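Participant: Sequence:
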Amino acid sequence: MTKKVWLFDPFTAERKLTDLNTVAGITGRTINSVRGSIGCKLKILNCYLLELDTPLSAFRELLAKQIIPDEVWRDIPNSLWQVSSYGRYRSYLRCQPDRCVYRLPFYGTKSTSQTMAIKINGKRQEFRAQEWVYKLFVGEVPKGHVIYHKDGNKANNRVENLGVIKRSKLMQIQCTPVRAVEVQQIDLDTGEILAEYSTLRKAAKANYTDTKTLRDAAKKERPAIGFMWKIDQEKSII
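Going by the UniProt record's numbering, the residue at position 237 of the sequence shown is 237; the numbering climbs one at a time, nothing skipped.
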């Protein structure tokens, strides 16, 4: 087994545990080439490749370093914190008002959604990262509804990716047999089928991207993250 590393997305603050062999396969590079990129940003994935012992302060610095031109920030009431339209959280320091600190989310034990913990009204509050994004950029969640991620990636808390659905409808969907697609990952140069996935979501997760990116690439017959993609819409699994 090859060396374990982090893939860190500065747009979403998502950290994914992977290994050099997997990253080499996704990027089409050799393991030695990928190893030499540890500490750098992989343009094809828009993620940083980092050592497992990278301190949290380094992740926060990378978040601060990432400038997003269309990112909008709004204040969280009764706190020192702000949340952005991309789902990122930051706070300006009282002693250094020109400097801000970014907060890294963590994952709760009962949900794969990103979780945040900050002080509001002087008390520590824990909540799902998407909650304040939706509340400040869209509005209150209607009674009986819950927030969901349109692309299935619970780390993508960008406001455009958030919607609401009736809790009963969500439970119905979760209990219904899953419609799936058969996805083929194809080499750009040779046309060789490199991998097959039973669902679009599995393909996206395995390749550190989202379902919309792969679906659009297949529909428009153009490459995405260095590969061509083919989707068989007739396939399904239970």
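Watch out, some of these pointers could steer you wrong.
Stated by the list, open to error - Dumping the calculated DSS-like pairs for lysine-lysine here, alpha-carbon to alpha-carbon at most 27 Å:
(1) 16 <-> 65
(2) 212 <-> 16
(3) 169 <-> 230
(4) 166 <-> 150
(5) 135 <-> 43
(6) 119 <-> 41
(7) 41 <-> 65
(8) 202 <-> 230
(9) 41 <-> 143
(10) 119 <-> 169
(11) 43 <-> 3
(12) 3 <-> 230
(13) 166 <-> 220
(14) 150 <-> 43
(15) 169 <-> 143
(16) 135 <-> 169
(17) 16 <-> 166
(18) 43 <-> 230
(19) 219 <-> 202
(20) 205 <-> 230
(21) 143 <-> 123
(22) 41 <-> 212
(23) 16 <-> 143
(24) 123 <-> 166
(25) 150 <-> 169
(26) 150 <-> 219
Unchecked claim - Label-pair restraints from in silico Cβ distances:
(27) 56 <-> 2: 19 to 27 Å
(28) 37 <-> 223: 16 to 24 Å
(29) 46 <-> 124: 26 to 34 Å
(30) 67 <-> 37: 17 to 25 Å
(31) 2 <-> 99: 13 to 21 Å
In case anyone wonders, no lab produced these hints; they're calculated from the structure. Note that the structure is predicted; figures quoted are calculated from it, not measured. Note that CB positions come from ideal geometry on N, CA and C, so glycine has one too.
Participant: Could you run down the list of hints and mark each one as holding or not?
Facilitator: Hints and how they fare:
1. Only pairs whose Cα atoms come within 27 Å are accepted, and residue 16 paired with residue 65 is accepted, the gap being roughly 19 Å.
2. The straight-line distance between the Cα atoms of residue 212 and residue 16 is roughly 19 Å, inside the 27 Å bound, and the hint therefore holds.
3. Restraint check for residue 169 and residue 230: the C-alpha separation of about 30 Å exceeds 27 Å, so the hint is violated.
4. Among the hinted pairs, residue 166 with residue 150 is consistent with the structure: their alpha-carbon atoms are about 14 Å apart, no more than 27 Å.
5. Pair hint residue 135 plus residue 43 does not hold up; C-alpha atoms about 32 Å apart against a cutoff of 27 Å.
6. Restraint check for residue 119 and residue 41: not satisfied, since their Cα atoms lie roughly 32 Å apart, outside the 27 Å limit.
7. A threshold of 27 Å between alpha carbons decides the hint, and for residue 41 with residue 65 the separation of about 12 Å falls inside it, so the pair holds.
8. Note on residue 202 and residue 230: the hinted pairing holds, with a Cα-Cα distance of about 14 Å set against a maximum of 27 Å.
9. With a CA separation close to 42 Å, the supplied pair residue 41 and residue 143 exceeds the 27 Å bound.
10. Note on residue 119 and residue 169: the hinted pairing is violated, with a Cα-Cα distance of about 33 Å set against a maximum of 27 Å.
11. The hinted pair formed by residue 43 and residue 3 meets the criterion: a straight-line CA distance of about 21 Å does not exceed 27 Å.
12. For the proposed pair residue 3 and residue 230, the alpha carbon gap of about 31 Å is over 27 Å, so the pair is violated.
13. Distance hint between residue 166 and residue 220 is unfulfilled; the C-alpha atoms sit about 33 Å from each other, more than 27 Å.
14. With a C-alpha separation of about 25 Å, the suggested pairing of residue 150 with residue 43 holds against the 27 Å cut-off.
15. Between residue 169 and residue 143 the alpha-carbon distance is near 13 Å, which keeps this suggested pair within the 27 Å criterion.
16. For the suggested pair residue 135 and residue 169, the alpha carbons sit about 21 Å apart, so the restraint of at most 27 Å is met.
17. Proximity of residue 16 to residue 166 is assessed by CA-CA distance (about 30 Å); at most 27 Å being required, the pair is judged violated.
18. For the hint pairing residue 43 with residue 230, the CA-to-CA distance comes to about 23 Å; that is within 27 Å, so the pair holds.
19. A distance of roughly 18 Å separates the Cα atoms of residue 219 and residue 202; the hinted pair therefore holds under the 27 Å criterion.
20. At roughly 16 Å between alpha-carbon atoms, residue 205 and residue 230 fall within 27 Å of each other, so this suggested pair holds.
21. For the proposed pair residue 143 and residue 123, the alpha carbon gap of about 25 Å is at most 27 Å, so the pair holds.
22. For the given pair, residue 41 sits about 22 Å from residue 212 by alpha-carbon distance, which is consistent with the 27 Å threshold.
23. Distance check on the hinted pair: residue 16 and residue 143 sit about 34 Å apart at the alpha-carbon level, beyond 27 Å; violated.
24. Taking the CA atoms of residue 123 and residue 166, the gap is about 30 Å. The hint is violated against a cut of 27 Å.
25. Taking the CA atoms of residue 150 and residue 169, the gap is about 15 Å. The hint holds against a cut of 27 Å.
26. Simply put, residue 150 and residue 219 have alpha-carbon atoms about 18 Å apart, close enough for the 27 Å limit, and the pair holds.
27. A hinted range of 19 to 27 Å for the beta carbons of residue 56 and residue 2 is consistent with their spacing of about 25 Å.
28. Distance hint check: the CB atoms of residue 37 and residue 223 are about 21 Å apart, consistent with the given range 16 to 24 Å.
29. Hint check: residue 46 to residue 124, Cβ distance near 32 Å, so the stated range 26 to 34 Å holds.
30. For residue 67 paired with residue 37, a C-beta distance near 21 Å keeps the hint of 17 to 25 Å intact.
31. Hint check: residue 2 to residue 99, Cβ distance near 38 Å, so the stated range 13 to 21 Å is violated.
When the structure is compared with the earlier hints, violations turn up for hints 3, 5, 6, 9, 10, 12, 13, 17, 23, 24, 31 and for no others.
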